[in-house]
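Chain residues, written in single-letter form:
Number of protein chains: 2
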Amino acid sequence: MKQILIIGAGRSSSKLINYLHQHAAKYRWEIVVGDLNPEAAKSRIGNKVKLIAFDINQEEESSQAIRQAELVISMLPAKFHILVARHCIRENKNLLTPSYVKDDMKLLEPEIKKKGLFFLNEMGLDPGIDHMSAMKEIDAIKASGLELLGFESFTGGLIAPESDDNPWHYKLTWNPRNVVLAGQEGTVKFIQEGKYKYIPYNRVFRRTELIEIEGYGTFEGYANRDSLKYIDRYKLHGIPTIYRGTLRRPGFCRAWNVFVQLGMTDDSYEMNDLKNMTRRDFTNSFLYYHPTDSIDLKLFHDQNIPQDSDIIGKLKWLGIFDNTPIGLERGTPAQVLEHILKDKWQLSPTDKDMTVMWHKFTYRDKTTKHLLEKHLSLVVIGDDPVNTAMSKTVGLPLGIAAKLILTGKIKRSGLFIPTLPEIYEPVLKELENYGIKFKQTIASPDN
Amino acid sequence: MKQILIIGAGRSSSKLINYLHQHAAKYRWEIVVGDLNPEAAKSRIGNKVKLIAFDINQEEESSQAIRQAELVISMLPAKFHILVARHCIRENKNLLTPSYVKDDMKLLEPEIKKKGLFFLNEMGLDPGIDHMSAMKEIDAIKASGLELLGFESFTGGLIAPESDDNPWHYKLTWNPRNVVLAGQEGTVKFIQEGKYKYIPYNRVFRRTELIEIEGYGTFEGYANRDSLKYIDRYKLHGIPTIYRGTLRRPGFCRAWNVFVQLGMTDDSYEMNDLKNMTRRDFTNSFLYYHPTDSIDLKLFHDQNIPQDSDIIGKLKWLGIFDNTPIGLERGTPAQVLEHILKDKWQLSPTDKDMTVMWHKFTYRDKTTKHLLEKHLSLVVIGDDPVNTAMSKTVGLPLGIAAKLILTGKIKRSGLFIPTLPEIYEPVLKELENYGIKFKQTIASPDN
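Heads up: the protein sequence lines correspond to chains R and E, in order. Residue numbers 8 to 454, in the working numbering, belong to the letters of the first sequence in order. Residue numbers 8 to 454, in the working numbering, belong to the letters of the second sequence in order.
Any given hint could be a false lead.
Stated by the list, open to error - When the alpha-carbon atoms are kept at most 30 angstroms apart in a straight line, the in silico BS3-like pairs for lysine-lysine are as follows:
(1) Lys236(R) with Lys113(R)
(2) Lys418(E) with Lys202(R)
(3) Lys282(E) with Lys236(R)
Honestly, the hints are just simulated from the structure, not real lab data.
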């Protein structure tokens, strides 16, 4: 019996646990799930796997649990992966995570290599399926002797069309704090037609693009932080255009931008006197003073929102003009906004989520100079609020990678993300069995 | 002979050195000026005082120089005051600085008190004259049994009307880096009519006020970082309105806001490929891509600047559309912008600068309930690019405070800013001899 230790039994672990459980008998795996609160986890995942108490801050217990595993999958919040990684190095265990490789993890690379271990990060949806699907296409374009001129890529965690019943066309299908702080990680950087371009936070939600996906209508994309680092990661040196972004439904960004402009997404200071304030007071604290004008009107005037704009309905629906108490003793503006959003944007028990990914490759035949565009699109709909599209698209790549590692199909040592054919080929192939399959369209670019 | 050690012989030290030199014979002071580069300092201040080499990073030398002084005045960049302060505590010396008390200095308070030393900070213009003039008026209003309802205060380092010959009505009369980074120190916080108000960086230069100063025309003021901390400092608990800001000439802020919106004031990352870029390329890197439209037009369109706006002339005059190389090997957007501004906004040898301060006090007679507004305004014009208004208004309060300390007129121990009558009364009185005198106007508020 080979033991797989999954650390963290949150919402996005359910599909991963199911997948591994389904394959456990065949491959003789023992699945152990470690969670801070195993009782609560049991109510979500049932009795099919072994549940243990696991607290990454308990040095000795953590080491002991990891020592018994053959492979560790960390589903903890991103900042804790480094702690798990250090245990894995000490105990000579391979590690899988769905999160970005941060500098602290990168520093461990020589040790990982020296010990002959295999650490695979960024093995979820975004990052994860984005890397695999993009690299497969990029490698194919290069192999055909075509010249890649542009790569654009967008991903979004959204609400399925059948559950889309609010004016924002959005609900919280993943960490709400990240939704509020989106775009604040640093200045956006990308290249377009050979020119470096920079977008500050206050412009991110106005510099959007519209994207059509057949059968699912129109989406809008705003730019992600640093697209330039993908030049190295995808070996695209010299490419004239590279751009990565996040998808929302049209109109979302323009309305969200109101919060950005007013300062409601600011997480840098605690507000004064919050416990005595209503949502209406919260909104007013970002507006100029006027002895008689209404707060609604001041906001529309201040933000130059025309009387017939859809933004007005969106803002009113969220309740930011309501005379109800905020209900927090203290907090930053971002925390107050998150609190309001959680109220309105929560998934109902019958809601289904949707993950969407879209890539655009622009390339040229080196001899005919003929320009072509290929679009790849992926839409996954969740089954229910537990078996979400997010849980499938994050959990299945991890599960499949776990199988490849434990069955000896991947034989590497070091720190990786899934950009190698020996990883992306079998994973993308098996994902198709679960309906996670890209559609492709060839188009002629119209500039 | 009592020795006064002035550390740092930069531009703003000249008037301070002059003042002390003029009083040296009478009070039997020896003036010593320590500077990193005493030769260069000599060319600015001549032979009238003793010049020594002083490097605050040389622990032993610094201690030795400070040991011989009776009083130390630190004119170094703000971050070095803490090092001077530690030497002063060790050597039992009193200290004067024109800079804000930061947390690290605040931590020394118990030691300063225990040793019976007197450290006076924030003793220049802003901070400095602002504290003294405001506290004098606040104390008088309280003493008259009037109820203070509002305090607003603005200061600016500007160009004198006779030297005002560019469309921005602005030149660099102090640290250019601070001009570029202005407003980025944190979210603006103030109270207006009993309501807490917050302004994020991207809105600071649009939420301005117009201010009239008789004889000098109209100014505009944008909000400073944290006005709330002045409630404690000025003992204004319960005041319904408190607001502090910075003065520019009208139209400056709206045009400056273009740089803020585009991200040109961002100091958080280094730009790519700077050495091959022109100023025009720099501007373009913050704008959307278009194959044929001109960069000028893209900017006006992106920023919604009408064809007849004065902003267009301001931007063109600065040269941000010019095809001249930037002339920097590397740098952040803020550093590039500073480089461009230094070129255009520098003082010519015949230019005079101007410092302007304006306070507004709104108060009420407790019995008649009659509302009144008092405005205090101060305008100081420089003599020439060496004896600037900035140097006078920063240096003279320090010089006068030095005299008060050395002649035993101030008998306190601890860490202070000049909000006590025993400091502000004699300093403000003597400043009048140098033409630094507030004018007052009484008005009825018109809301």
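Here's how the hints hold up against the structure:
1. Lys236(R) with Lys113(R): Holds, at about 14 angstroms.
2. Lys418(E) with Lys202(R): 64 angstroms, violated
3. Lys282(E) with Lys236(R): Holds: Lys282(E) and Lys236(R) sit about 21 angstroms apart, inside 30 angstroms.
Violated hint for the displayed structure: number 2, the only one.
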